[in-house]
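A.B. asks: Relying on the hints, combine the two individually framed chains into one complex.
Chain order of the listed sequences is E and G.
Numbering follows the numbering used here, in which position 110 of the first sequence is assigned residue number 110; successive positions increment by one, without gaps.
Numbering follows the numbering used here, in which position 34 of the second sequence is assigned residue number 34; successive positions increment by one, without gaps.
By construction, these hints were calculated from the structure, which means they are not laboratory data.
One or more of the hints may lead you astray.
Incomplete in silico selection of chain G near chain E, CB under 8 Å [to be verified]:
hint	residue
1	45
2	65
3	91
4	95
5	104
6	106
7	109
8	110
9	114
Computed footprint of chain E on chain G; a stretch qualifies when at least three of its residues, placed anywhere within it, have a C-beta under 8 Å from a C-beta of chain E [to be verified]:
hint	segment
10	16-22
11	46-58
Each residue gets a CB set at the ideal place from its N, CA and C atoms; glycine is no exception.
The residues making up each chain are set out below.
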Amino acid sequence: GIQVEQSPPDLILQEGANSTLRCNFSDSVNNLQWFHQNPWGQLINLFYIPSGTKQNGRLSATTVATERYSLLYISSSQTTDSGVYFCAVDGRFASGSRLTFGEGTQLTVNP
Amino acid sequence: EPEVTQTPSHQVTQMGQEVILRCVPISNHLYFYWYRQILGQKVEFLVSFYNNEISEKSEIFDDQFSVERPDGSNFTLKIRSTKLEDSAMYFCASLLSRGQGRWEQFFGPGTRLTVL
Numbered sequence: 001g002i003q004v005e006q007s008p009p010d011l012i013l014q015e016g017a018n019s020t021l022r023c024n025f026s027d028s029v030n031n032l033q034w035f036h037q038n039p040w041g042q043l044i045n046l047f048y049i050p051s052g053t054k055q056n057g058r059l060s061a062t063t064v065a066t067e068r069y070s071l072l073y074i075s076s077s078q079t080t081d082s083g084v085y086f087c088a089v090d091g092r093f094a095s096g097s098r099l100t101f102g103e104g105t106q107l108t109v110n111p
Numbered sequence: 001e002p003e004v005t006q007t008p009s010h011q012v013t014q015m016g017q018e019v020i021l022r023c024v025p026i027s028n029h030l031y032f033y034w035y036r037q038i039l040g041q042k043v044e045f046l047v048s049f050y051n052n053e054i055s056e057k058s059e060i061f062d063d064q065f066s067v068e069r070p071d072g073s074n075f076t077l078k079i080r081s082t083k084l085e086d087s088a089m090y091f092c093a094s095l096l097s098r099g100q101g102r103w104e105q106f107f108g109p110g111t112r113l114t115v116l
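Pulled out of the complex, with its shape left as it was, chain G reads as follows (with noise of 0.2 Å):
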């Protein structure tokens, strides 16, 4: 069954750095979501794309962050100067359409992002 992968698994930065987050959605999906979520809370909405651009984002996403689809399987989030409130687990999801204006979401495994 086709999943939504994301590489690395983990990673850890000194505050300051840039770091890329990969995705790669299941083919044939058409909207991308990243989410996050702090240790302990709920998973807050990113930013959603679609056809190459940003369709929808949220007050988190702010200058520092933004997202990519260089080429037609992945698809990135970069945040340019992390913070170390920026630690948490990022989630890439992908969105199937059942039609009607009924839709599913799938997660990746997500990245765990540690900032020091």
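With the rest of the complex left out, here is chain E (with noise of 0.2 Å):
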């Protein structure tokens, strides 16, 4: 099946900081989610991007389909961006429509 690698396993910012996750994927996706799960364990959607750019507040995200890759960016960072940020696809050969995820990137902010 699909392979989802996450970059970094862990980062740790101060407040006011910006950031950049990484997600890497091992075949074509038909789909690709950014979750981010907060400390109460919710996952939160935060954007659905298989290919192109894409901007919500402070967060973006940007996804390379051909090069199979897609980056979130975090900019100036606050404590309740704290969490893991999950990338999830769904591969485009694959059969049904399950999401794969990565490991996740575990985000600390510091005030």
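C.D. replies: This is the structure in structure tokens:
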């Protein structure tokens, strides 16, 4: 099946700093989503972005499908941004519509 | 904005007991899913459900698991005889079609299952 690798595994920032999280995937994808898992364990949809660039406030994401990677940008980070960020994909040639998740990036934003 | 809801938020059970986890997907969504996340690990697919039957399941989804859509709104995951290793967060999701083979899944807040 499709492989999803996220980097870095851990990231510690001071409030106000910017960061870039990366997601590499091993095959063509139909769909790609970014999620934020908050300290209560909830998975929050951030972006649906199988290709192109999107922005939502301080967050933006870019997926270059031909090169099999996606980037999540967090600007002017806040303590509430802390948590785990997951990338999840559905392989273009896979049957069904299951999402395959990466291992996640654990982000800690210190005040 | 419509949301996927799940009950209970926490469930503690004894090994060998049966548990039923409940989900209400977003209305007018047609595909439903269960995923699980063992503490500290990534989220793993369990099963997908469409048109009142399982459309895909993973190797994790063995005979002790079953899913059901008993009415027009609820979607349930039953674990018949729980084991210690079933302790995890269980997420329900439903799918929004965006056309041309594109879709987006929306996740519920999860049920944290603890098996003692």
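A.B. asks: Does each hint fit the structure? Answer for all of them.
C.D. replies: Do the hints match the structure? See the list:
no.	hint	verdict
1	45	holds (4 Å)
2	65	violated (15 Å)
3	91	holds (6 Å)
4	95	holds (7 Å)
5	104	holds (4 Å)
6	106	holds (6 Å)
7	109	holds (5 Å)
8	110	holds (5 Å)
9	114	violated (13 Å)
10	16-22	violated (count 0)
11	46-58	holds (count 4)
Of the numbered hints listed earlier, those contradicted by the structure are 2, 9 and 10.
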